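Please work from the sequences and hints to get the whole structure.
As you go down the protein sequences, you meet chains P, A and W in turn.
Per our numbering: the first sequence = residues 1 to 319.
Per our numbering: the second sequence = residues 1 to 300.
Per our numbering: the third sequence = residues 1 to 563.
Just so you know, these hints were derived from the structure itself, not from any lab.
Do not take every clue at face value.
Partner residues are not named here, just some residues of chain A that face chain W (Cβ under 7 Å, in silico) [unchecked claim]:
#1 45
#2 49
#3 50
#4 135
#5 217
Keep in mind the model is a prediction, meaning the values are calculated, not measured.
Note that the Cβ used here is the ideal one computed from N, Cα and C, for glycine as well.
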Amino acid sequence: MENLSLLQPATAVPARKRSKWRLAFEQRYLFLMSLPFVIWLFVFSYLPLWGWTMAFQKFKPGRTFGEQQWVGLDNFVQLFREPHFYMVLRNTLAMSFMGLAVGYTIPVVFAILLNEIRWSPFKRSIQTISYLPHFVSWVVVAGIITKMLSTDGGIVNEILLALNLIDQPIQFMAKGEWFWGIVTMSDLWKEMGWNSIIFLAAISGIDNEQYEAAKVDGASRLRRMWHITLPGIRPTLMVMLILSIGWLTSIGFEKQYLLGNSLVQDYSEVLDLYVLNYGINLGRYSFGTAIGIVNSLVAITLLLLSNRIFKRITNESVI
Amino acid sequence: MRMQRKINPGELAFETALYLFMIVVGITTLYPFLNVLAISLNDSTDSVRGGIYLVPRIFTWDNYGQIFTYSNLLVAFQNSVLRTVIGTIVGVFSSAMVAYVLSRKDFIARKPVSLVFVLTLYFSGGLIPMYMLMRDLHLINSFWVYILPGIVNAWNIFVIRSYMDGLPYSLQESAKIDGASDLTIFFRIILPLCKPVLATIALFVAVGQWNSWFDTFIYNSSAQHLSTLQYELMKILANTTAGASSADAARAGDPSVAARVSPESIRAAITIVATLPILTIYPFLQKYFVSGLTLGAVKS
Amino acid sequence: MRKKSKLLALSMASVMVILSACTGSNSGGNASEGNEANAGANGGSPEPITLTMFSADMNTNYENMKSDVGKKITELTGVKLEIDYPVGDPKQKISLMAASNEYPDLIFAKNEVNMLVEAGGLIDLAPLIEEYGPNIKKLYGDYLKRLRWSKDDPSIYFLGAYGVNEVQWKPKDGFMLQHDVVKELGYPEIKTVKDFENAIRAYLEKHPTIDGQPTIGLSLLADDWRIAQSVTNPAVFSTGGSDDGEWYIDETTQKPVVHFTRPEEKEYFKWLNHMYNSGLIDPESFVQKYDQYKAKIASGRVLGLIDSEWQFREPMQALRQAGKDERTYGMYPVTLNETFQNRNFQSPGYSGGVGVAISKDAKDPVRAIKFLDWLCSDEAQILNNWGVEGIHYTIQDGKRVISKEEMAKRTTDPEYGKKTGIGVYLYPFPEYGAGVTDATGQTYKIENEQQIIDSYSDVEKEVLAGYGAKMWKDLYPQSSEFPVKPWGSAWQINIPQDTDGAITMQKSLELLRKRVPEMIMAKPEQFDGLWDSFQAELDKAGVHELEKQFEGLLKDKIALFND
Numbered sequence: 001m002e003n004l005s006l007l008q009p010a011t012a013v014p015a016r017k018r019s020k021w022r023l024a025f026e027q028r029y030l031f032l033m034s035l036p037f038v039i040w041l042f043v044f045s046y047l048p049l050w051g052w053t054m055a056f057q058k059f060k061p062g063r064t065f066g067e068q069q070w071v072g073l074d075n076f077v078q079l080f081r082e083p084h085f086y087m088v089l090r091n092t093l094a095m096s097f098m099g100l101a102v103g104y105t106i107p108v109v110f111a112i113l114l115n116e117i118r119w120s121p122f123k124r125s126i127q128t129i130s131y132l133p134h135f136v137s138w139v140v141v142a143g144i145i146t147k148m149l150s151t152d153g154g155i156v157n158e159i160l161l162a163l164n165l166i167d168q169p170i171q172f173m174a175k176g177e178w179f180w181g182i183v184t185m186s187d188l189w190k191e192m193g194w195n196s197i198i199f200l201a202a203i204s205g206i207d208n209e210q211y212e213a214a215k216v217d218g219a220s221r222l223r224r225m226w227h228i229t230l231p232g233i234r235p236t237l238m239v240m241l242i243l244s245i246g247w248l249t250s251i252g253f254e255k256q257y258l259l260g261n262s263l264v265q266d267y268s269e270v271l272d273l274y275v276l277n278y279g280i281n282l283g284r285y286s287f288g289t290a291i292g293i294v295n296s297l298v299a300i301t302l303l304l305l306s307n308r309i310f311k312r313i314t315n316e317s318v319i
Numbered sequence: 001m002r003m004q005r006k007i008n009p010g011e012l013a014f015e016t017a018l019y020l021f022m023i024v025v026g027i028t029t030l031y032p033f034l035n036v037l038a039i040s041l042n043d044s045t046d047s048v049r050g051g052i053y054l055v056p057r058i059f060t061w062d063n064y065g066q067i068f069t070y071s072n073l074l075v076a077f078q079n080s081v082l083r084t085v086i087g088t089i090v091g092v093f094s095s096a097m098v099a100y101v102l103s104r105k106d107f108i109a110r111k112p113v114s115l116v117f118v119l120t121l122y123f124s125g126g127l128i129p130m131y132m133l134m135r136d137l138h139l140i141n142s143f144w145v146y147i148l149p150g151i152v153n154a155w156n157i158f159v160i161r162s163y164m165d166g167l168p169y170s171l172q173e174s175a176k177i178d179g180a181s182d183l184t185i186f187f188r189i190i191l192p193l194c195k196p197v198l199a200t201i202a203l204f205v206a207v208g209q210w211n212s213w214f215d216t217f218i219y220n221s222s223a224q225h226l227s228t229l230q231y232e233l234m235k236i237l238a239n240t241t242a243g244a245s246s247a248d249a250a251r252a253g254d255p256s257v258a259a260r261v262s263p264e265s266i267r268a269a270i271t272i273v274a275t276l277p278i279l280t281i282y283p284f285l286q287k288y289f290v291s292g293l294t295l296g297a298v299k300s
Numbered sequence: 001m002r003k004k005s006k007l008l009a010l011s012m013a014s015v016m017v018i019l020s021a022c023t024g025s026n027s028g029g030n031a032s033e034g035n036e037a038n039a040g041a042n043g044g045s046p047e048p049i050t051l052t053m054f055s056a057d058m059n060t061n062y063e064n065m066k067s068d069v070g071k072k073i074t075e076l077t078g079v080k081l082e083i084d085y086p087v088g089d090p091k092q093k094i095s096l097m098a099a100s101n102e103y104p105d106l107i108f109a110k111n112e113v114n115m116l117v118e119a120g121g122l123i124d125l126a127p128l129i130e131e132y133g134p135n136i137k138k139l140y141g142d143y144l145k146r147l148r149w150s151k152d153d154p155s156i157y158f159l160g161a162y163g164v165n166e167v168q169w170k171p172k173d174g175f176m177l178q179h180d181v182v183k184e185l186g187y188p189e190i191k192t193v194k195d196f197e198n199a200i201r202a203y204l205e206k207h208p209t210i211d212g213q214p215t216i217g218l219s220l221l222a223d224d225w226r227i228a229q230s231v232t233n234p235a236v237f238s239t240g241g242s243d244d245g246e247w248y249i250d251e252t253t254q255k256p257v258v259h260f261t262r263p264e265e266k267e268y269f270k271w272l273n274h275m276y277n278s279g280l281i282d283p284e285s286f287v288q289k290y291d292q293y294k295a296k297i298a299s300g301r302v303l304g305l306i307d308s309e310w311q312f313r314e315p316m317q318a319l320r321q322a323g324k325d326e327r328t329y330g331m332y333p334v335t336l337n338e339t340f341q342n343r344n345f346q347s348p349g350y351s352g353g354v355g356v357a358i359s360k361d362a363k364d365p366v367r368a369i370k371f372l373d374w375l376c377s378d379e380a381q382i383l384n385n386w387g388v389e390g391i392h393y394t395i396q397d398g399k400r401v402i403s404k405e406e407m408a409k410r411t412t413d414p415e416y417g418k419k420t421g422i423g424v425y426l427y428p429f430p431e432y433g434a435g436v437t438d439a440t441g442q443t444y445k446i447e448n449e450q451q452i453i454d455s456y457s458d459v460e461k462e463v464l465a466g467y468g469a470k471m472w473k474d475l476y477p478q479s480s481e482f483p484v485k486p487w488g489s490a491w492q493i494n495i496p497q498d499t500d501g502a503i504t505m506q507k508s509l510e511l512l513r514k515r516v517p518e519m520i521m522a523k524p525e526q527f528d529g530l531w532d533s534f535q536a537e538l539d540k541a542g543v544h545e546l547e548k549q550f551e552g553l554l555k556d557k558i559a560l561f562n563d
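Right, here's the structure in full:
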């Protein structure tokens, strides 16, 4: 009780007049609420970073730390000298930029449109259905997509033939230059509903009174979407965008691996698959770790850069 | 029905287009799931022929029967439920707490703490150091390895924080003037207002917990009583795949032992078994983020 | 004020949750340890012991030793096996074992055994076998020396898996034609790729559709690693090579070459290119996924296949279930031309390059080796193959007999192995191969030639009769025509992972998967140019250095196997 009464006068006085320590004391609850988790984070996320030393060794699992052979920057030099690395990097960046452009904006639009539906049972059903593909594994989805695009009775070719748009079935999956598009669209199909949930939640945080007021003013639907909904979810939009930009180089390899085939390999091989094939699968843990470090450094640079840019433009930021 | 005001033509066109679009989205996204359902209910040998779309050709429950003969499934299911429930409650609560602290623009350690959190999203020490850490913390062959490492997740924190940033600051300010402490503000004002985003994060954490099998594989694979549903399902799938068509099956297999069902049917049945429990909790969470909020109610 | 204290209590509670989670973790750990300690406490007459084991290969038939066979094993030996069959990449688990230096009693590490040997995680079994392993010696016979690690380190680190002295009754790979094709054409000779091509062409012209769908001449499969089975391995098999993975080894000079650099194989791929341009190869061959391939075969409209038998087992079952026996396939030993012989039945001898090891952490290595020795005994081999006497088989006139009902269960019940435990403790443990007989003259395994013949469909018997054969293997050059390969199987010789050779191999395989489909789908006049540039790329990737490295490894292996 005494503790609590101490708090009273402190909050009443304007903050800038007091010293830092005083302020820290006032904010002791904020420290209490966050410091345990910072320690937690240190243990589970920062401590294992000693593993990065592997990148400077020729690591073998059976040896103790002292017995490992140190090789300096050899693994990094090897990586940057490998022409193959630049090809997988190109593919990775191409697909992640396309994924960001489509896989980020469309779910936002979808969420906003869904919010415009007034008939609640319909809205709820569509929302539920739309995220179902998220639970279907990529193996299954890739199977469905290759069958749809097949030249042997695939539905897409059948439709195009029936409309007389083509006279020979198109080998969609054999064309390297189409592969990025196919991956992006498949990903959109699978994850649109799921990714839109976060924006829906943000939209439901907007005060209904704002909409009521706008309605009274006679604002049209589009205007309300533009002037109330979008600004209302701006913090979420920006944070999601900044966090995603940091992930541009790590997009996994599952979908590319399952949708790809030997004819489109020059377009389908991505960084994470490269790490698997030339790192872990060959027992080259050090090489894999070196790629991981490069990847992290790129990611953090991208993150800090985009954070700064968006802070300047929109005043929203992560840090 | 509810639209009592007169509707202008533009509005009508918009409504029609909107509903049509949503119906198309609904059909295209429902298809894969229905397809999987149909395959899971079709005779497995027949499924190899392909061409099953929305209805099974030769109906059977055998694929499910095959899954439910595995003995460890019940224990695994219990563990999955337990880790999902505990993991979600702890994860959401702690993330919300940190998110609130970081949403306070006046918090003096805001920047460094934010940075410390956000960086963790972009690096990892790798599998071997992680394993050694868990071993040193005595978390190998322990249920808590499912919960502890994931207690705070930076992504969840920043999503929640961004939502909090959207809330009017005036609410907090007036509470402060009334003499409320930071804790009070968090519990009394912020948490109730954050229901939509908390429900969303709860969904994400729950699905993540429910679907994960890698931690079982790495840390708990030798402790059968700690197995999880997804891990057991992975086992069934791997076994079917290996048994159906691999060089080792040909080399080592006893040809007198009958072949199991095909991987495609088992995979389909597994997808359904793994997804249904999560789908049943969905409506309870959904109600929080599909309907709007009226702040007025909280203000008073 | 009252509210505030309540909130304080709440936040305290939240801290408590976290703290109790911490302590909970300890108790969780203890609980599981306790279970392990207690597990061995109940057992039969020999002193009970629990042996923990890691297996890199899945086996969901494992029944915690609760089946008839499992209980019998515990009763006879006192051993309870606790086997961890992880799903996922076993390599990760094994590297963690090595990194943390903690091992279970027994380990089946499969291809990652190098890592454990290097880490010093395994013990040398040779002295233990000398002292406690009469049955092990009997089972492996002369091949025991093939289990030695290397010339420099003659330790035995594991007991080889896979049947020892196995007799091969079925061809593993070949060129397949639907029974209806050869029947209708009057059983033409199918010896060379030209014969194969002519048969497909003749039938395709007569039957442009089957069941209303367009007929497909030959469908190939290139889905990821499966390309080896259907596209690249057949190139070496049809040009006189035997199954040595990516290698072709000249028998007289014993010089290894990466097989897809051979000019003979250029001719094979050229033939595929010709087939493609004649419209006889399914244009989807190089993009289709495995399940699409299976679906096409199961539809009965693919006339020919080039593949391994186990790749199309499922669609064959589907065809038989649908009553389309005439659409299932016969296997023919096709070669590029008459100068080559198909070596499918050439014996590698025994080279079991993988198997069960005892770790340095084993509680009781003597007990463990005694158990493994028991598994090699006649008693155990018969128990694991035939089951428990009086339950799964009976003895009549000194012979083991499986009743009709029991046999029906064996072949139709997919859960048979799990329910009875039969077969569960064979692979990856040591076992006699099919066809090896015990003291009574009966085989250790239940399978025999008659059983295979009985499983043929009527059409199949008719077609075989048409070719004057009883079994498919009769069409192939016989095992006795070839010497036993002195190096075993070259695909079991591992290229050390941290050498440039391993990277070169990975690069070459990647090139192979990319270039061969391109080459086959190209216009005929472009083929030679594409082949040359493919060879140039391989050269640049370092295949010839790799060949030199491998030659050394091969020499060592031959010396080790035959001294």
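Hint-by-hint comparison with the structure:
1. Hint status for residue 45 (chain A): holds, given a least beta-carbon distance of 5 Å to chain W, under 7 Å.
2. Restraint check, residue 49 (chain A) versus chain W: the minimum CB separation of about 4 Å is within 7 Å; hint holds.
3. Of the supplied interface hints, the one on residue 50 (chain A) holds, with its beta-carbon coming within about 3 Å of a beta-carbon of chain W, less than 7 Å.
4. Given hint, residue 135 (chain A) at the interface with chain W, holds; its Cβ is 6 Å from that chain's nearest Cβ, closer than 7 Å.
5. The beta carbon of residue 217 (chain A) comes within 4 Å of a beta carbon in chain W, closer than 7 Å, and the hint placing it at the interface holds.
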